[in-house]
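Residue numbers (numbering that gives the first Met the number 0), protein chains in the order written: chain A, 0 to 581; chain B, 0 to 581; chain C, 0 to 287; chain D, 0 to 287.
If you're looking for bench data, these hints aren't it; they were derived computationally from the structure. Remember, predicted model here, so these are calculated numbers, not experimental data. Positions of the beta carbon are idealized from the N, C-alpha and C atoms, including for glycine. Among the hints, a few may not be true.
Claimed, not checked - In silico negatives: residues of chain B with every beta carbon more than 10 Å from chain A:
no. : residue
1   : 77
2   : 112
3   : 284
4   : 290
5   : 315
6   : 386
7   : 425
Stated by the list, open to error - Keeping only pairs whose Cα atoms sit at most 30 Å apart, straight-line, the calculated DSS-like set for lysine-lysine is:
no. : chain 1 : residue 1 : chain 2 : residue 2
8   : B       : 386       : C       : 243
9   : C       : 184       : B       : 152
10  : D       : 141       : B       : 131
11  : D       : 284       : C       : 141
12  : D       : 141       : B       : 247
13  : C       : 243       : C       : 129
14  : B       : 3         : B       : 131
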Amino acid sequence: MKSKVNTFTWTIGGAAGDGIMVTGAMLAKYCTRAGLWTTDYAEYPSLIRGGHNVQVVQVDEEQIFEHDQGTEILVAINEETVRLHAASLSPGGALVYDSTRLTINPAMIGDRTDIVLVPVPLMDLALKNGGKDLMRNTVALGATLALLQAPRKLMDDIFQDTFGAKGQKVVDINVATCRAGYEHVQKLVKDFPWRIVPKENDQRMVIGGNDALSLGFIHGGLKFYAAYPMTPASSILISLAELAPTYKHITKHAEDEIAAVNLAIGASFAGVRAACGTSGGGFCLMTEGLGMAAITETPLVIVDAQRPGPATGLPTWTEQGDLRFVMHAGQGEFPRVIVAPADPTQAFQEAARSLHIAEHGQLPVIILTDKYLAESHWSTPMFDLTKLRVQRGGFVTAQEHGGGPWYQRYADTVTGITPRPIPGQSGGVFIANSDEHDAVGHANEESDNRVMQYRKRERKLEAVLSFLPPRLVHYGPDDADVTFVTWGSVTQSCKEAMRKLATMGIRANVLQVLYLLPFPVAEVQQFFRAAKKTILVENNGTAQLGGVLKEYADVTCNHQLLKNDGRPFWAEDIAAFAKGHM
Amino acid sequence: MKSKVNTFTWTIGGAAGDGIMVTGAMLAKYCTRAGLWTTDYAEYPSLIRGGHNVQVVQVDEEQIFEHDQGTEILVAINEETVRLHAASLSPGGALVYDSTRLTINPAMIGDRTDIVLVPVPLMDLALKNGGKDLMRNTVALGATLALLQAPRKLMDDIFQDTFGAKGQKVVDINVATCRAGYEHVQKLVKDFPWRIVPKENDQRMVIGGNDALSLGFIHGGLKFYAAYPMTPASSILISLAELAPTYKHITKHAEDEIAAVNLAIGASFAGVRAACGTSGGGFCLMTEGLGMAAITETPLVIVDAQRPGPATGLPTWTEQGDLRFVMHAGQGEFPRVIVAPADPTQAFQEAARSLHIAEHGQLPVIILTDKYLAESHWSTPMFDLTKLRVQRGGFVTAQEHGGGPWYQRYADTVTGITPRPIPGQSGGVFIANSDEHDAVGHANEESDNRVMQYRKRERKLEAVLSFLPPRLVHYGPDDADVTFVTWGSVTQSCKEAMRKLATMGIRANVLQVLYLLPFPVAEVQQFFRAAKKTILVENNGTAQLGGVLKEYADVTCNHQLLKNDGRPFWAEDIAAFAKGHM
Amino acid sequence: MQRPVKNPDFNSPHYPTWCPGCGDFGIWTALKNAMAELGWQPSDVLIVYGIGCSGNMANFVRTYGFHGLHGRALPVAIGAKLANKDLKIIVIGGDGDGYGEGGNHFLHALRGNVDITYIVHDNQVYGLTKGQMAPTTERGQKTSSTPEGVIDQPLNPVALAIAAGGSFVAQGFAGDTGQLTQLIKAAVDHPGFAHLNVLQPCVTFNQHNTYSWFYDRVYNLDGTGHDFSNKQEAFARALEWGEKIPTGILYREIRDTYEQDVPEMRTESLVKERLDNIDISGTLKQYT
Amino acid sequence: MQRPVKNPDFNSPHYPTWCPGCGDFGIWTALKNAMAELGWQPSDVLIVYGIGCSGNMANFVRTYGFHGLHGRALPVAIGAKLANKDLKIIVIGGDGDGYGEGGNHFLHALRGNVDITYIVHDNQVYGLTKGQMAPTTERGQKTSSTPEGVIDQPLNPVALAIAAGGSFVAQGFAGDTGQLTQLIKAAVDHPGFAHLNVLQPCVTFNQHNTYSWFYDRVYNLDGTGHDFSNKQEAFARALEWGEKIPTGILYREIRDTYEQDVPEMRTESLVKERLDNIDISGTLKQYT
Ligand SMILES: Cc1ncc(C[n+]2csc(CCOP(=O)(O)OP(=O)(O)O)c2C)c(N)n1
Ligand SMILES: Cc1ncc(C[n+]2csc(CCOP(=O)(O)OP(=O)(O)O)c2C)c(N)n1
Ligand code: SF4
Ligand code: SF4
Ligand SMILES: [Mg+2]
Ligand SMILES: [Mg+2]
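Using the sequences and the accompanying hints, generate a full structural model.
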């Protein structure tokens, strides 16, 4: 049984175009400023209008990783929300609905009598208080805070910080519409059992995977980002474009993904840190470029924000279906690094680090995320900006460069890494060649040269190890009875399941494979030797990590739990599965 | 020690543009008509002119699979050939060279005295007998036949059959230039130990992988082929284009590979058997289309003729670097069939079959070849045209179709395969949708529907098993002391190695994984249980099949022999490796 | 004999999910009207759709349909036409879809002249992905992917189509479904590749090129004495964008369709070919 | 001060492997001449090459080079220019490479107007892959991929470039290295994207568009009174192909380059930016 102070789930539903997403973000910010932890998640179809949108915000005093299936407050902007989600209300929970547009009858709520109906004329109050129709969401926010008996002042500060730049008028309208909802509900409901009691705490952010990743890129010295919009990667382009004037980098919305990857390679070749990003469909078009980055030894970072495939698939949903694809994408054989962050902090750190790895290792790095991580948000401790500061590397100085005529840019070296001049730098020149080439880059088809160059490239994977953090991340107690083995955003669900199991008295822990390539064979084997019972959890249908574990480390998990319907896991389901297999 | 009758290696070398390839083809045809077995192999750089080209023809009384390292006759059109290849001449072998252009000094041939120098004024004789300069190759052919004391008449017949359509004049010039070379050498060398003694035998062809594959497509009912030229796949497009008027299919040289795959999908959707082909770089651009064929359940065959990567790599050389790539190409998870023929007969059969599998299984089939198979030729028994004749399937008849308004083209079925109407057919309509969809093809994002459609697609892989031949092919004795485990064209090298080991008294056999997906797990495991010692042989650097064997079947070979310098294996090296590990 | 069809016969059970007021509604209406006026049955026609708000029309029209990849509708349609030349084929795409991601196919389809109709919803923005720059977005416009304003000069689809060898190039406006219906019919009737660029207000993400913006500018070429057989004149008209924007047929040229010039397509459709009597033994002989 | 450079200073140790008589030799010569006349040092310039006989030039010229993927030279070059606007960048490609595989990049580069020079070896055939149809191959030509003759209407690169918004569109001929040298210099001097289509005889695979075929047809626009600032006139000239084929500058328009309009590029090149003082704490605050 949940505590009723500072622990609840809040859900809002409406049509696409109703603008509900912003509301959840505001509530999450509120709770985070109130010293609590939040996570939120949104579902929406690949339509601009008409489809059903829903957003869930989970709040807790402890750090949480995933939202629950049930909800304590449901805000219904339209009737469909009531029909679809009323059943998920906890006993005693509240249904806040727009009484300007809706009348609730018992059938709509499955004849439930154990919930509180909270009619609020959302639209009326919005319009009356100077807002446009989308401001009904702000009324709902006020209503929510009133239910939770939470101080309004904290919200007003947020309005000030968020809209201050747009002028006092905008702030005032927000404050007024929020207050209208607040006061309306204060009169209506007095003793709602769930409450917010603000706490003192360290400053935290509410941030999503894509924004964290974008900021990681900037912190890591990104100067060039090329992309073609594709859900769920689009917002990286958009955030970076917005921040371009501040941090003086360039974003380029390219004509297609082929251009995007080649643009990034060109910029990187010219000497800046560069990346590109897309989802699986666009990644298909980048695979040839990936190989070119490898053979020309040009640093490159590619983000693949996964969504369910094949083809257009389920554009606005989540899946981990591309692991094997990105591991093997591109003709021929060449080294690459693959990292799959699980949460905003990792997204930030690994994005920053990816630029370092790519530049120093002169090879492609792929950051594998998914819609769940990309577009959900979590209360997150402030990023440590003293870490992962830019250190350039892999360049030849003007002195070392030599007068030419040629520079041996692809000469063999112990590490496989050969320093490169910036094109335009006075001295010997070289050719970056997508053909197999000799030391200065001229096409060369000799057997010995080919083998040398292949080995030089492969060898860099060892050198790169020194730039990597531990490739496995463990969460929870060492001596657990059950271990969840997973990767990417599913780690969040597993961590939440671990929390849930702890309350049932089951000791669980989580093993996240953070770096998929170079695969941490020895570390995995060591971990598996110690683990009592392992459960593989993946958001796909074919257990791709499972196959990799077998192929590389010769280990197999005792059980596996897969899901590939476009939805992230429910921590409850993972916990129940584990319990059922104890 | 080789027998000297009907067993020899012949090598010719010249610059790109010297037109040497045709000569080897003629010699192979000659020997095959003479009742012998041949195989030939060519090396040439990615240049139109100037680079060094070499072609080897191997001849034997028994069926052979690969050429040897040494040669008995070397025809040198230019000096570079002498410098590069004289060392490979067997003691007693002959160096035929163009005395119009070359003078041989001892240094050029490494001071060898154990070889016969055969100066022939190739160019002079060509011009004198009415030919242009490229006809010097025909003079060389005559010289070769004279050395081997082989009847000229058989060659004259070949000229007649090959050039008859171009007019008697062309035939006559060929006959005359060939005779000139013949008579010149007849006077010069009398007792060359290697000889051709024609035998009676079944009719055989000399055919390469690409031509065999193209003919398999035609036999299998191909009506549409789209491609963008890329070595070593280009000649499929060219052969099919040449044969279009005869067999009434269409070939389309598309603007790029993305167009090629989408054109093939469109044609297939419209109801004809369709394919496209490329090498790895172009395959990159087809990967998104691959997934679309899968989700729309449109039959599709793609040929990936591998060459060494990454990127442009070594365009005219050979490698097996794309196995894992084609296994996992495309975002998301979907079923596909992958077949890797080893020789022209398999290329023919599996090309024909691929169209059957794709059409009946309504899924994509990938044919994985490589430059060695695609562009080398082997004496090959006549294809059995009574087998693999077209049987259409997977369509709904006009009666079954129903009047509409909608046809449930994606309704779930036991096998996962749902019959489809040809668009334009009167009756209920449907949408082929790259979005996840419901039974009539409308976009559908529901969880249950997604899972149902995913499973329906995956289930087809089981249904498809009934269309497949045995997925493993064994060669040699059952109770061998050593087994080569391999795939694709390397099978040829392994078979040749097996022949060589037999002469050393070592019993070897070969296991070819013909179908890589669906992977024959049980068959592989059974085979490995019986095998004494296994050696994995792959033409790549990372043992990709080895990884697949481990992942899918949990088996590991005792040893592995890899090569990735762009050259095919030498059977001698494989045999020696095996011997060294006995 | 099948009964005559009307616009609603082409409706699917799903009512469009476009934003109220979206120009896509006008194109949807005109398309169905045109098909009805042409007397087509739903099963006579294949519509190939790209990915975008435009392509979402796949769910709202009842005919055979193929909802392909973003940017790749054209080659699917061309492949289908080459396989079955008797099939009526229309392609629906977006400006991002067709001129951005799919620009290369557009370029080459114009030269190829396969007999299909290509209707592009030119809303000068990426609708479905929520408002990024499209190839036709005007310079200086602020979009989510170009918050500091678009730098590239906009692509002029009709001028490009004329220069690239298009045999039928027309422009319609989603706000004039009457004219648009007639243009679709003319495009369909044209023997060869017909390109119809439709000016389509996106009420959600393009606040610049609105209905009223267009109403102030569009004029019908029909009646102006425009000679659409004159390439120079057509090009001059095509360049008009600003005060005046032409609609109607800009350029038309009757030349062989691709199908007419493929020897293998001269007789019946490939899809009707028998496959049970193939005999390659003649070709095999050449290898002996 | 560096010493003055001459054509041979741009030679690599590898002498070209093109077929004797190939038009690529003329372009190679003109390119080196132009760079020498411009006073460039080999290390001042980046040449980005596509894949083809044309792109093989990567092995024969001494400057910084990037030999990219088939069809993808342009985006690499544009990326490099945006990263380092001080770098002089020339792109060398083939007609298959640039107008076929890479057509979409060409289309959008013209609009974007990044300040680079694009030289296309237009030999109307695929040379390196041995003689298949190119987008510029004339109708009816028999090539290995079209043994029954090309059906598609050939692409007219210069007409297309003008229509797509190119700010500098010129045509040269590999048989006139003098003029070609001057055209390359003019293209390089043009502020913005300069497109130079070079008519290039392929002596091995194109027996139709030979040197003499061109000598009979090409004429220099310079001196004809052609007004290259007039788009209509330029378009009319661009369409000429047959009896007369124009060489010289067809169209030129001075407008902002892409670089000039990117606020982040107004000061120094990105590649010169310091990276050790990045501080995102201000942005982080907005998330609290
Ligand atoms: C390969 C690929 N890249 C990107 C996307 C994402 N995407 C879907 S629709 C769209 C753009 C839509 O714009 P437009 O084509 O103009 O159509 P509209 O929505 O405006 O009608 C994009 C970028 C995709 N589905 N596939
Ligand atoms: C993705 C990809 N597709 C195809 C090829 C094969 N290929 C190499 S060069 C070439 C065409 C060359 O023609 P063009 O660009 O006109 O150059 P040219 O040789 O005539 O100078 C092709 C198709 C490739 N390297 N990569
Ligand atoms: S976003 Fe624009 S194009 Fe898309 S449905 Fe809405 S108004 Fe129409
Ligand atoms: S094939 Fe043609 S383009 Fe290539 S080098 Fe020879 S002549 Fe030149
Ligand atoms: Mg659009
Ligand atoms: Mg060319």
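Comparing the hints with the structure gives:
1. 77: Holds: least Cβ distance 18 Å, greater than 10 Å.
2. 112: 29 Å, holds
3. 284: 7 Å, violated
4. 290: 3 Å, violated
5. 315: Given a closest Cβ separation of 8 Å, the condition is violated.
6. 386: Holds, since 33 Å exceeds 10 Å.
7. 425: With a cut-off of 10 Å, residue 425/B remains clear of chain A, as the shortest Cβ separation is near 29 Å.
8. 386/B with 243/C: Given pair residue 386/B, residue 243/C is violated - Cα atoms ~67 Å apart, limit 30 Å.
9. 184/C with 152/B: Given pair residue 184/C, residue 152/B is violated - Cα atoms ~67 Å apart, limit 30 Å.
10. 141/D with 131/B: 23 Å, holds
11. 284/D with 141/C: Measuring from Cα to Cα gives roughly 25 Å; hence the hint holds.
12. 141/D with 247/B: Given that 30 Å is the threshold and the Cα spacing comes to 18 Å, the pair holds.
13. 243/C with 129/C: 28 Å, holds
14. 3/B with 131/B: Answer violated: residue 3/B to residue 131/B is near 34 Å, above 30 Å.
Checked against the numbered hints given earlier, the structure breaks hints 3, 4, 5, 8, 9, 14 and satisfies all the rest.
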